[in-house]
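Spelled out, the chains give:
2 protein chains.
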Amino acid sequence: MDKEKLQAMHRLFNPRSVVVVGATDSPGRVGYNLLESVLYGGFKGQVYPVHPRLTTLQGLKVYPTLEEVPGPVDVAVVAVNQFATVDTIAQCGRLGIKAAICVAGGYRETGDDGLRLEERLVSLARDYGIALVGPNTLGLFNTGADFYSTFYPLRLPKGRVSFVSQSGGIGLTLMHKAADEGLGINKWVGVGNRSTLEISDYLAYLAQDNETDVIGIFLEGTEQARDLVQAAARIAKSKPVVIYKAGRFAANDYVALTHTGTAAGSYRMYRDILMDQFGVLMVDSVAELVAACKALSISTLPAGGGLGVVTHTAGPSIALLDVAARQGISLPALQPATINSIKDAMGQNPPVVLKNPLDTVGVGFEAGIYGRVVNAMLDDPGIDLLVAIYCLHKNWRFPSAELLAAQQRSGKPVLAYYVSTWEACREERQLLQSAGVPLYTSPEEAAAAVSALIHYGGREKHAG
Amino acid sequence: MDKEKLQAMHRLFNPRSVVVVGATDSPGRVGYNLLESVLYGGFKGQVYPVHPRLTTLQGLKVYPTLEEVPGPVDVAVVAVNQFATVDTIAQCGRLGIKAAICVAGGYRETGDDGLRLEERLVSLARDYGIALVGPNTLGLFNTGADFYSTFYPLRLPKGRVSFVSQSGGIGLTLMHKAADEGLGINKWVGVGNRSTLEISDYLAYLAQDNETDVIGIFLEGTEQARDLVQAAARIAKSKPVVIYKAGRFAANDYVALTHTGTAAGSYRMYRDILMDQFGVLMVDSVAELVAACKALSISTLPAGGGLGVVTHTAGPSIALLDVAARQGISLPALQPATINSIKDAMGQNPPVVLKNPLDTVGVGFEAGIYGRVVNAMLDDPGIDLLVAIYCLHKNWRFPSAELLAAQQRSGKPVLAYYVSTWEACREERQLLQSAGVPLYTSPEEAAAAVSALIHYGGREKHAG
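These protein sequence lines are chains E and A, in that order. Here our numbering is used: the first residue of the first sequence is 1, the next is one more, and so on. Here our numbering is used: the first residue of the second sequence is 1, the next is one more, and so on.
Mixed in with the good hints, there may be bad ones.
Note that identical chains are pooled: a pair holds if it fits in a single copy or bridges any two copies.
Dumping the calculated DSSO-like pairs for lysine-lysine here, alpha-carbon to alpha-carbon at most 30 Å [stated by the list, open to error]:
1) 355 x 61
2) 394 x 61
3) 394 x 44
4) 237 x 61
5) 5 x 158
6) 394 x 158
7) 44 x 3
8) 5 x 239
Everything labelled a hint here was simulated from the structure, so no lab data went into it.
Could you build the full structure based on these sequences and the hints that come with them?
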């Protein structure tokens, strides 16, 4: 990506000043919501609403035309209809505005007339060198700059994961699921029709963005998908990228992607070929995408693929073993010294069977004992990361402090899977996740997290 | 199942009196928690703690031996160790107690000695005709009778779904996920080692249980799994059964189950063969199991497989279409009359494209318009059930009242997928679900729900 485009994209996500063209006083209109989005989000730069007749809006002076806006403008937020949007982009070009967010639909997604209109929009953006988001997009936000430009006024917890979504609705679902999971977001963009800025452009920008540690992508279509997966794979060598591709049962899409030339085989087979060919992590649901991004953003990476599991009820580790078996992840046998340490840790009544996964049975409810067992497991040289499963119990507390201490002591990743409602472990989640231990409440999401960490952390050791 | 066994199982879940053998005053012990579980859950029958030396426990008179308990006993909750459990069951037999819950582990799961001990336990239970839960189990509960006998003291919302789990930990995960989803439970059992009561026994009991509308099952192993799936399939003809089988990547398990005689092929292929052969619904995660049971318990069943989708952002319907494509579910084209009604409903600015799935774009944020569009879709004779997708917005309210009215008016199932955090739609969930509209916040879980409803409702029409 050339330096000029990168600079335009940087300004797009970090504007010093914004004009909202088509701002209105009618709360049901997009122009109202976009202006409210910028203000409600706490943007600290200059905001210039533009409307031909109104004089003030949401406490701000309104300018009758774009030309009359007094200061320099980094981003034009364009809330007018598809026809007026084209004129606005021409104006932006003449005025030297280098970035625009165009939310109106009514372009190529509606047929031939729309396509022709979109082609005019694109050629204007190209001629003037405007980085154009959309059209037909929900917009974008950057919590790091308190800049929210969507028609959903928002203010969200900050984090280090950025999302690029080909669907606004799935993008919003990801955002809400992240909130439900206690995961902060850095940047978020609904790419819309991708007329001038392609998904690969956002990826290239986020790849070099210091505020983004992990990139999560939702894809709908597969047009240019192979290029996209290749681009993601290049980035994934230095920064984790996780892709959720919808259209799971359209095996033909995957034939095109993998160049296998035959439509026989399942979606999962093609997905696995893609993962092997390109090394980029692919997942199968909103829940897995958020689970994977959460682990990659909160935890350190393991040095290898040796998974340890501590639990006090056997079943939940089975879903983890499912993942382990599929990925070739090993659950290493424990060394004799580890088993001795575990026996010491458990005092009077150690369980009869001491192996990995380690079922501490009833003894393990005592947080101190649980913590010592976790320490013993983490001391084992074969174990690179550990999942600590603990069941909510009225008369016992969660071993969160012990897990944090164990993680710090060992320097190895620790994930918690609390068998609990979210409500009953909300404070624990805050405590754990702010200190580097991601928390899950389902076996499949914990498994997706393990899978993601080993994918990006333990590949070399695991392959050898 | 013979009448005597059925009667014993009925008493097991609906005891008039309970003895807790091994009740103690030490809060860290299972015997304490089991007694507390019975009392904390609000059990209204007689409770007799048994301990050789203590005189009162948690406000109750304690009896030194089982023999000295004054009244008749329906269920013995046995909290002593694996050896004393065997003696206790012998005593129960001599005293005519016909049901017992044995939580202690230390049997076949620990090796040959344990296996021999378990054989003694089983032969005693057989000789005396005792319905024995476990051993090595978390226990069971029945919210309908306020009877909770697990070592996790609980008190849960009542509902009409019952769960049978081969794993206590996954059983607890299901229970907590159900709570997170606002889904009440009727009965729940962790089957433990299944020495005398097999999963098929619980199924046979729940099949004829008037308080259970839907049965959810978690399976670990596949020993006897084919029989089990066949039993479930027989029940599924009259009452929905949903199975989540772990060990997903152990394709060999499925070869045994499906009798295909070859290990080539994916887990999904085998699962689909099972579904086709037996007609029982199989799912792939805790989240899908709860999503499916929720829909089947809260909603009516559709008359056919014609799925309608209303949304105001295109993306989320793609995951539904994934399911549709896989299952051969149709998204029928809308009739001209339906399209006219939708145009009328949307007033000034109908979207350019009117088809199923119907994207109402911005206009659809107004709940009244959204509701009229939903009515128009439901009036279409090709549509048997409808998913209403709506995105949380600071300035608009959810169309919950409209969805309830539309469902009542049409008599067709309506499912809501709100693109929202759970926190932001908690009250809506209560409102919707108590009146027959299940609510989801993820596309995959909404898809699992649609899939479940069409599996059990619309099969005939869909096949034809």
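ask   = Is it within a copy, between copies, both, or neither that the alpha carbon of residue 237 lies no farther than 30 Å from that of residue 61?
value = neither (48 Å within a copy, 68 Å between copies)
Q) Is it within a copy, between copies, both, or neither that the alpha carbon of residue 44 lies no farther than 30 Å from that of residue 3? A) within (26 Å within a copy, 75 Å between copies)
Margin query: Within a copy, between copies, both or neither: which one fits residue 394 and residue 44 at a CA-CA cutoff of 30 Å?
Written below: Between copies, since 21 Å is at most 30 Å while 46 Å is not.
State whether the alpha carbon distance between residue 394 and residue 61 is at most 30 Å within one copy, between copies, both, or neither.
between (57 Å within a copy, 24 Å between copies)
request  = Pop the pair residue 355 and residue 61 into one bin, within, between, both or neither, using alpha-carbon distances up to 30 Å.
outcome  = neither (70 Å within a copy, 42 Å between copies)
Next on the checklist: Within a copy, between copies, both or neither: which one fits residue 5 and residue 158 at a CA-CA cutoff of 30 Å?
Outcome noted: Intra 26 Å, inter 58 Å, cutoff 30 Å: intra-copy only.
Query raised in the report: When no copy is specified for residue 394 and residue 158, does a C-alpha distance of 30 Å or less occur within a copy, between copies, both, or neither?
Result: between (33 Å within a copy, 19 Å between copies)
Intra- versus inter-copy proximity for residue 239 and residue 5 (alpha-carbon distance at most 30 Å)
So residue 5 and residue 239 pass the 30 Å test inside one copy only (21 Å; across, 60 Å).
Of the numbered hints stated above, those contradicted by the structure are hints 1, 4, listed in ascending order.
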